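Make a model of the complete structure from these sequences and hints.
Protein chains in written order, with my numbering: chain A, 4 to 443; chain B, 45 to 449.
Calculated directly from the structure, the hints in this document are not laboratory data.
These numbers come from a predicted model, not from an experiment.
Beta carbons: idealized from backbone N, C-alpha and C, even for Gly.
Take these hints with a grain of salt, some might be off.
[Unchecked claim] FRET-style restraints, in silico, Cβ to Cβ:
| # | chain 1 | residue 1 | chain 2 | residue 2 | range |
| --- | --- | --- | --- | --- | --- |
| 1 | A | Ala360 | B | Thr355 | 23 to 33 Å |
| 2 | A | Tyr75 | B | Cys428 | 51 to 61 Å |
| 3 | B | Pro49 | A | Ala24 | 25 to 35 Å |
| 4 | B | Ala408 | A | Ala148 | 50 to 60 Å |
| 5 | B | Ala122 | A | Tyr75 | 42 to 52 Å |
| 6 | B | Ser83 | A | Arg183 | 55 to 65 Å |
| 7 | B | Asp153 | A | Ala286 | 25 to 35 Å |
[What the hints assert, rightly or not] Which bits of chain B does chain A cover? Going by a derived footprint, with three or more residues having C-beta under 8 Å, they are:
| # | region |
| --- | --- |
| 8 | 130–141 |
| 9 | 277–290 |
| 10 | 319–329 |
| 11 | 347–356 |
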Amino acid sequence: MFGYYLQLAVRSLRRNKVLTALMVLSIAVGIGAAMTTLTVVHLLSGDPLPGKSQRIFHPQVDPMPDENPKEYPPDMMDYTSAVDLWKAKRADRQALVVDSGIKLTVPDTGTPALMTTMLSASADFFPMFDVPFAFGSGWSEQDDANRARVAVISSELNDRLFGGGNSVGRTLRIRDASVRIIGVLKPWRPSPVYYMVAGGRFASGDTSAYYDRTEDVFVPFFTGLEINDGHFAQFTCWSVPETPGHLQNSPCVWLQLWVQLDTPAKVADYRRFLAGYAAQQKAMGRIRHAGNARMPGLMEWLDFNGVVPRDVKLQAWLAMAFLAVCLFNTIGLLLAKFLRRGGEIGVRRALGATRGAIFAQCLVEAGLIGVVGGVLGLLLTLAGLWVVRSQPIEYADLARLDAAMFAATFAMAIAASLAAGLFPALRASRVVPAMQLKTL
Amino acid sequence: MDVKPILSALARHRIAAVLISLEIALACAVLCNAFFLVSNRLDMMRIDSGIDEASLATVSLSGCDGCEAADVNGRVLAALRTIPGVRAAGVANAVPFGQRAGDAGVTLDAEGQRFGGVPHFYAFAPGAIEALGLRPARGRAFAPGDFQHAENFLPKDSQVWITQALADHLWPGEEAIGREFWVSDYHFRVAGVLAHFARPNPGRSQNGAAGAEWSVVVPVSADSLLGTYVLRADPVDLPRVAKAAREAVIRTVPEAVFDERWSRPLPELRQDFFRQDRSMAWLLGGVIASMLLVTALGIVGLASFWVAQRTKQIGIRRALGATRGDILRYYQVENFLLATAGIALGMLLAYGGNLLLMKQFELARLPLGYLPAGAVLLWILGQCAVLGPALRAAAIPPVVATRSA
Chain A
4 MFGYYLQLAV RSLRRNKVLT ALMVLSIAVG IGAAMTTLTV VHLLSGDPLP GKSQRIFHPQ
64 VDPMPDENPK EYPPDMMDYT SAVDLWKAKR ADRQALVVDS GIKLTVPDTG TPALMTTMLS
124 ASADFFPMFD VPFAFGSGWS EQDDANRARV AVISSELNDR LFGGGNSVGR TLRIRDASVR
184 IIGVLKPWRP SPVYYMVAGG RFASGDTSAY YDRTEDVFVP FFTGLEINDG HFAQFTCWSV
244 PETPGHLQNS PCVWLQLWVQ LDTPAKVADY RRFLAGYAAQ QKAMGRIRHA GNARMPGLME
304 WLDFNGVVPR DVKLQAWLAM AFLAVCLFNT IGLLLAKFLR RGGEIGVRRA LGATRGAIFA
364 QCLVEAGLIG VVGGVLGLLL TLAGLWVVRS QPIEYADLAR LDAAMFAATF AMAIAASLAA
424 GLFPALRASR VVPAMQLKTL
Chain B
45 MDVKPILSAL ARHRIAAVLI SLEIALACAV LCNAFFLVSN RLDMMRIDSG IDEASLATVS
105 LSGCDGCEAA DVNGRVLAAL RTIPGVRAAG VANAVPFGQR AGDAGVTLDA EGQRFGGVPH
165 FYAFAPGAIE ALGLRPARGR AFAPGDFQHA ENFLPKDSQV WITQALADHL WPGEEAIGRE
225 FWVSDYHFRV AGVLAHFARP NPGRSQNGAA GAEWSVVVPV SADSLLGTYV LRADPVDLPR
285 VAKAAREAVI RTVPEAVFDE RWSRPLPELR QDFFRQDRSM AWLLGGVIAS MLLVTALGIV
345 GLASFWVAQR TKQIGIRRAL GATRGDILRY YQVENFLLAT AGIALGMLLA YGGNLLLMKQ
405 FELARLPLGY LPAGAVLLWI LGQCAVLGPA LRAAAIPPVV ATRSA
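Here is the structure:
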């Protein structure tokens, strides 16, 4: 029966080509717009550390001296709190991170000095965030303690400076210090660069910078503080630091601590530990608002910072509204089309076709429009993503259709046209045969 | 024209009529909000930076470790000033549409209890103020003694200029000149008020569009700053001068890293800064155009269908004495009624959509003026779309009445 209905549908659609083209185009542009924007939202709001993100947490304490605590503790930590918590080693893994601008030169290669960013991180950073290595490895806790002059570089920097070869053992100069390369990363593109996300609520929705590339150079935490002293930027300060760029023991927050907690019991333990630490510091008179300590999970933290840029979300809303207009359009046109065939339907009903049969036939026709519209919509989605990729935005290179969104596009096209066809088909199947036959 | 027969005819096609009205309503809602979003973007992009951008360029260098500010500035400025066409040059910490250098929260009392907001602190040496052409609208110009040396961040106690926008925010309705504010133990006294002067990231700071012009200009001595230079030239010469400046700085300070990204004429920096807003405005424009097109096509499709369906009735009406004009007007009035119903609902939806946007995206309230504008646009669109099918209907000859269907 389906084959026959399909044949009828094709014949009916070919009878009025303009109307058919209108319906197909309407579905296609609606789907194209909706799926382009939804794909971008999907890519930007996805879990950057799938399978592990629920075990990663971002402890925070509130060292601000204001009389009344703010609603949330500051997004970063002061040196004393961050280093105390890190040294306590109460989590399965803990990583201190801070980034800063560096001047980088490579001895005896003749490449001119370049300015780039460096991440100072403690040893757990690499295993905790599953950072992939092409050559060599990260550093040990011992290296952290010894302030070892070692570095890991990004695959991009390795390509640029060493043509992509194994550069382990080579030396870099960061400002006035020499560091030995001990590891080279594989291409690594966390989106967003979640371990550095902070301050989203002050960004007025302009958060696309979170989707930029990672740092080029990674060094042990204390090594970084030592060799790039004077070049660190505060997140915020409650009074002006004495030496700009040197923030150890300054009245500033500028560090982030990430901890990995593998079981719910450990999470609960760590929360107690964090509250206890804040209370103890309050008793010592170092911090004022001990109750304002928090520990959001990674995804919760990304959500709190509103990492998906406001414009991207706005575009998705607009596209969905546009799709709705397109659907209304298709429903109206299909209804007109089906009811126009009242005579034909009346004859079929009089000859014994059930309502179900008429309904199925009309739905097949609507579905066919959906399939054609969906294929065209898919092409438009690919074109839309190509446009996004050509934009000068940080996440441009990420805008690609993955398998899930490919399937979703198709499912959406069919669902949309069936939804559009359902009502007109129902109306058509309700045609009273006698009335129609009389007018023939 | 009697609308009663039109209404009873529509009542027989209730569902199709409701559908087309709903489509118009939805289009009206999206249109009003999209227009509002576009106009917000365009307003932001037109912001008055308070300086003559067309004749300004900046050069920037970084990574000058261990450099002596006085020495480097001396060399750079000497090199810049010898470029033919350069009218003025000076050292600054930042420029509008460039890199931010000093956002800091201010308080209106020395104890730090009354928070005033987060303006951007520009630090300018005398040469930079001359190059930027900044002149206070009220209050006094800086005296040579106002340009103090700053060890760290800014001088401890300075006479400053602030913008009118910041003055209105800090002391609404009051005279700002002579007033004081603090950043922890740094003290500032307002010596002059600038009509306009944008912060480096207008519209993208914590306070959004409201804080776009919250700027403080602090006079400092040239040896307090390093790395960002601003120069003025005739707009015609600017591209050539900017290129020459780039080469001069690279040649003069080989020990530093020249910052390509931030060393450009100001019109280019502005262009770059608003690139995303521009593409968003284009995108919104595209959505508006597509939406209008789809709605128009929907109206054409449905009207054509109705005309085809009623061919015989139209013939009968014509045979009974109705003129072509009567038939034409019938479809025009019908469309007007459908559009009116859609627009009425659309206004409510537009308002609801705006509430949603306000909640989700911290947008401003939709000015009421957008609603009638959207309504008129959709009425015109409906009339244009229906004209073709209506003319075809009017062309149906009375003789059709005598034929069997």
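Cross-check of the supplied hints:
1. Checked against the hint of 23 to 33 Å, the pair Ala360(A) and Thr355(B) passes, with Cβ atoms roughly 30 Å apart.
2. Between Tyr75(A) and Cys428(B) the CB atoms are about 53 Å apart, so this pair conforms to the stated range of 51 to 61 Å.
3. A beta carbon spacing of about 33 Å between Pro49(B) and Ala24(A) agrees with the range 25 to 35 Å that was offered as a hint.
4. The given range of 50 to 60 Å is respected by Ala408(B) and Ala148(A), whose C-beta atoms sit roughly 54 Å from each other.
5. Restraint check, Ala122(B) to Tyr75(A): a C-beta distance of roughly 50 Å satisfies the suggested window 42 to 52 Å.
6. Evaluation of the 55 to 65 Å hint for Ser83(B) and Arg183(A) yields a pass: the beta carbon distance comes to about 57 Å.
7. Against the hinted window of 25 to 35 Å, the Cβ-Cβ separation of Asp153(B) and Ala286(A) comes to about 30 Å, which satisfies the hint.
8. Counting residues of the region 130–141 of chain B whose beta-carbon sits less than 8 Å from any beta-carbon of chain A gives 0, not enough to reach three: the coverage restraint is violated.
9. For a cut-off of 8 Å, the count of residues in the region 277–290 of chain B with a CB near a CB of chain A stands at 0, and the three-residue condition is violated.
10. Check on the region 319–329 of chain B: 6 of its residues sit with their Cβ under 8 Å from a Cβ of chain A, so the three-residue criterion for coverage holds.
11. Taking a C-beta to C-beta cut-off of 8 Å, the region 347–356 of chain B contributes 4 residues in contact with chain A, enough for the three needed, and the coverage statement holds.
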